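Novice: Sequence:
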Amino acid sequence: MNRLIYTVAALFLLATAGILTAGENKTVDVAIYKFKFTPQEVTINVGDKVRWTNKEKRQYHSVWFEQLGEPEPDYLFPGDVYERVFEKPGDYPYRCGPHPEMTGVVHVK
1 MNRLIYTVAA LFLLATAGIL TAGENKTVDV AIYKFKFTPQ EVTINVGDKV RWTNKEKRQY
61 HSVWFEQLGE PEPDYLFPGD VYERVFEKPG DYPYRCGPHP EMTGVVHVK
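Counted the way our numbering counts, the sequence shown spans residues 1 to 109.
In case anyone wonders, no lab produced these hints; they're calculated from the structure. All figures in this text were calculated on a predicted structure; none of them were measured in a lab. Among the hints, erroneous ones may be present.
[What the hints assert, rightly or not] Derived BS3-like pairs (lysine-lysine); straight-line CA-CA distance at most 30 Å:
| # | residue 1 | residue 2 |
| --- | --- | --- |
| 1 | Lys-109 | Lys-36 |
| 2 | Lys-26 | Lys-36 |
| 3 | Lys-109 | Lys-57 |
| 4 | Lys-88 | Lys-109 |
| 5 | Lys-88 | Lys-57 |
| 6 | Lys-34 | Lys-57 |
| 7 | Lys-26 | Lys-57 |
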């Protein structure tokens, strides 16, 4: 019984000290450059964030999850950033509104 109490106390101390943590959410970067999403496909965990950055010098783009029935978002001009957190598993295809040949997929596991 004492051993169980010591184990629970040790785990509590580690957790409160920040040493023992649950999986932390991460951010994955996707560059928009030369009319491409790079990388074109990313795989993330539920709760992770994807950040798209327009690295073009003069061209605007969008990150449109059209298949989800969403309206096209505002355009990203050079230097602009769009972020999205994914809360459910699945495959999320997207495209650039002004340039439909630009496509990408976020795989959420």
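Novice: Now tell me if each hint is right for this structure.
Specialist: Hints, verified against the model:
Our distance criterion of 30 Å between C-alpha atoms is met by Lys-109 and Lys-36, whose separation comes to about 24 Å. Pair hint Lys-26 plus Lys-36 holds up; C-alpha atoms about 23 Å apart against a cutoff of 30 Å. Restraint check for Lys-109 and Lys-57: not satisfied, since their Cα atoms lie roughly 34 Å apart, outside the 30 Å limit. With a CA separation close to 8 Å, the supplied pair Lys-88 and Lys-109 stays within the 30 Å bound.
Under the criterion of a C-alpha separation no larger than 30 Å, the hint pairing Lys-88 with Lys-57 is inconsistent with the structure, at around 34 Å. Our distance criterion of 30 Å between C-alpha atoms is met by Lys-34 and Lys-57, whose separation comes to about 9 Å. Proposed proximity of Lys-26 and Lys-57 is supported: the alpha carbons are some 28 Å apart, at most 30 Å.
Comparing the model with each earlier hint shows violations of hints 3, 5; every other hint is respected.
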